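*Asks:* Residue numbers (UniProt numbering), protein chains in the order written: chain A, 1 to 502; chain B, 1 to 502.
None of these hints come from the bench; they were simulated from the model.
Computed from a predicted model, the values in this text were never measured in an experiment.
Warning: the hint list may mix true and false statements.
It does not matter which identical chain is meant; a pair holds if it fits inside one copy or across any two.
To be verified - Below, computed lysine-lysine pairings styled on DSS-like, alpha-carbon distance capped at 27 Å:
1. 160 with 231
2. 245 with 111
3. 216 with 245
4. 437 with 216
5. 238 with 191
6. 55 with 397
7. 216 with 111
8. 231 with 216
9. 391 with 231
10. 191 with 140
11. 397 with 191
Number of protein chains: 2
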Amino acid sequence: MAHNQSTHQRKMSLSSIVSSGLGSMIDGRPLIHMTPPQGWINDPNGLYYNQLEQKYHMYYQYNPNDTVWDTPLYWGHATSDNLLTWDHHGVAISPDEDDHGIFSGSIVVDKNNTSGYFDDSIDPENRIVALYTLFGDNEKQTQEVAFSNDGGYTFEKYNKNPVIDVNSTQFRDPKVIWHEETQKWVMLLVKSQEYKVQTYVSDNLLDWEFGSNFTKEGYLGFQYECPGLFKTKIENPKEGCVDEKWVLVMAINPGSPIGGSINEYFVGDFDGVTFTPDDHATRFVDTGKDFYAFQAFDNTEDGRIIGVAWASNWQYAQRVPDDLGYRGSMSLVREYTLRYDYTNPETEQLLLVQRPVLDDQYLDVADELAVEAITNFDIKILSSIGDESIKIGFDGKVGEFYINRHTSHVFQRENNFFTERWSNYVEPLTRDTDNNKVYQVYGIVDKNILEVYFNNGAFTSTNTFFFERGIPANIEVTTDVDNSFVEINKLSIRKPWTCIMI
Amino acid sequence: MAHNQSTHQRKMSLSSIVSSGLGSMIDGRPLIHMTPPQGWINDPNGLYYNQLEQKYHMYYQYNPNDTVWDTPLYWGHATSDNLLTWDHHGVAISPDEDDHGIFSGSIVVDKNNTSGYFDDSIDPENRIVALYTLFGDNEKQTQEVAFSNDGGYTFEKYNKNPVIDVNSTQFRDPKVIWHEETQKWVMLLVKSQEYKVQTYVSDNLLDWEFGSNFTKEGYLGFQYECPGLFKTKIENPKEGCVDEKWVLVMAINPGSPIGGSINEYFVGDFDGVTFTPDDHATRFVDTGKDFYAFQAFDNTEDGRIIGVAWASNWQYAQRVPDDLGYRGSMSLVREYTLRYDYTNPETEQLLLVQRPVLDDQYLDVADELAVEAITNFDIKILSSIGDESIKIGFDGKVGEFYINRHTSHVFQRENNFFTERWSNYVEPLTRDTDNNKVYQVYGIVDKNILEVYFNNGAFTSTNTFFFERGIPANIEVTTDVDNSFVEINKLSIRKPWTCIMI
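Bound conformation, chain A alone (with noise of 0.2 Å):
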């Protein structure tokens, strides 16, 4: 894969521009989000790293006879050693029933083989379990167990299914970790329609107990969907306190408060059994239209915290174009990590932070980008073709950053639900010696996703955008307001495939 860099360090002031080519691209499909070969996708699933094969395997909810979603539902399968391109392997897990669907879950490796299900042949590091809802006769959901002895190829039903049935047609998405210092397995589950994330505990994978509700916190919206629970570090503990936490999240859809499918979290602890929050605020993973699903890796190799969520919207993903025959992407994989960040001058909060997995050799300047903005600067990325772009923005007395991804698109333009213009506030991310705010911003544009991320990472959007003509080609950067100045230490822009802005 040929890459070509071109950086620019420079300081702007008064309607200064900076343009830069990103030169052509060969077609409209992302270079380094995941898409499908062919189909429709949706959640990302039973996501895990092979420490035997060094590989990342990435499964998801695939239909791959048509670019909708539809029953039967499979796991589709991907690996990658990079996490930025991805090998596809077509389907891994089926449903018996054409009108049944392999919905989402999760993959642990059951390396102490407590499931019993395992040969001494089989490599540790090759106990691949999966769990999953099946979605099945009068669409009821009941959670089930898939068991692999090749490392995640191919799997092989557990002859007890299901593992757990409450008789719900609302009740799915498990999510299994390891949770070390009970020692045992720890699923998390939605009763989606009862507002509920529900714990269930097991020593061997097959037998689950009933552990606890987290219910009614957060943005409620129509209904739960997608926990998920995870230790992280804390970048800045606090001295003397714990330099861990745990993160629960859900997802919600649709009834996110700017439309359709959000995803929201919480900070707190968790003793194996019950979580317990540090507050009752409502936090989102992501403020963008289009991050979804999200799901934490099994069994990374450093116990980094790293996953990905869908890169949809379910308001309008079976509408999106589907000229070259696929429909859906993930985000791109990224780090969670927690930092104490102010939100405002007087109050520091534990926030969820979130960088993208990028491999050295393509991108390894997020660290040397920052903006000083005391006024308004817009970014704007245009197309290779026409006179479209899309944009992102600051205005300094509004003190909000905008989002601005319309274009000439058709689906755009007649879609309702294709919000084009939002807006988020984000604290500054500390000030200089002159009391000016300074925020720091870089992006990702890879064909038809942005991915911007404020003050390292601490606030994310993540977007969806449709050119008529083109595919992303330059990037103007204006500001134009007296007495006011944009510091730019570094623009990097990188082709043919993607580039990072400021």
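Chain A is fixed; fit chain B onto it per the hints.
*Replies:* Same frame as chain A, now just chain B:
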């Protein structure tokens, strides 16, 4: 005030259109939404009903000298018999210094002269006490008291002000209520950047004792403002349970999930000192972009809870067109109750329900309006000149309502924060005998404000808009999908100043 009525009662299917003229209107100033004679307004303040005079009093944050926020900042004053049209009385309370502001606050009627300020000659219903925040030297915010002997037209400041001073620049917006059960005055305040709603308690409105903190609940944004607390009836109480509950409201700005300013609320119990929410979910009072700083009226004649919000958003309030010499308007005054409503097929929630207070002679059709919608429909509000329109609509497949307030106005086109298109989930109000989803929608268009009420007020969306030319003059209702129908039980459109849509 002349008005005409045209009523349509019909069932529509397949591309049928109802188009009804709203007739010509005099100018662009709203007719039943409070606007100032000139200058700038923001939060409503000091709302109360004078039972002697039989008038509603509304005060508001007021800069009569310009159409932007600035000091000196005053309390402006208006009164009304019908809560629709207002008589203006200019400035009611002024700061002593040009760089000071009489910030937001409330009024109570001190009938029993607990303050000791009033002579016996003053009718109990005319013993008016205003409590507000002084924005004073070095931007310090302290709580002050002013008395009125004449029913709220003129005020004398308390000679021992301030009554609460904690040496903070972020401590404001006193909302005082009489707590019957403990026979005490209770003041709600915010330590805005600590995300705290605080209570203080008093016997005499002058000496205040700290009560409790309600903190880090809801969506936090940048800061809390404008707290409120009231007890209101449950329309459909459960057998054997309480039929009233307390509602705590607060405003956040900036930092709404959709950008800028928004109000949120909690339902629970209050013992005179501490508010205990029933759950920790985040719920917004109104999902539009123009509904902020809600406050309820004190001393209403029958104890009903009515209140009003500023119909703007700090993101763009100081930039909207001011051709008519003013900026800012209030929402309609609304009545607030609670109701158990389903938010999905499995869960009922106790929701805050809002209905506009409308004079029966003009607008009494709310209960008769209904839409049965199992598919898509669009409601367009067209300008009297040109081809501009704004619209709301429903998409059965997505299951959400959208708002699209896009116009050709240069302000809207060029302001990055004037979000034009977004959406919200609304659960069907009920289902008919064929299991079709039944929604109910009605709305009020008043020159440049659209208020939409879903499901008898369980969800609302309040938004301003600015046509490039003309004023709202026609409504068009369209449905265009096969095998679908929209039943409009009554479409009532009133001239010259308002209309109600299905």
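*Asks:* Compare the structure with each hint and give your call.
*Replies:* Outcome of the hint check:
no.: 1; hint: 160 with 231; in the structure: neither (32 Å within a copy, 54 Å between copies)
no.: 2; hint: 245 with 111; in the structure: within (25 Å within a copy, 53 Å between copies)
no.: 3; hint: 216 with 245; in the structure: both (21 Å within a copy, 18 Å between copies)
no.: 4; hint: 437 with 216; in the structure: between (37 Å within a copy, 25 Å between copies)
no.: 5; hint: 238 with 191; in the structure: between (36 Å within a copy, 24 Å between copies)
no.: 6; hint: 55 with 397; in the structure: neither (48 Å within a copy, 39 Å between copies)
no.: 7; hint: 216 with 111; in the structure: neither (36 Å within a copy, 41 Å between copies)
no.: 8; hint: 231 with 216; in the structure: both (22 Å within a copy, 22 Å between copies)
no.: 9; hint: 391 with 231; in the structure: neither (35 Å within a copy, 46 Å between copies)
no.: 10; hint: 191 with 140; in the structure: within (12 Å within a copy, 49 Å between copies)
no.: 11; hint: 397 with 191; in the structure: between (44 Å within a copy, 23 Å between copies)
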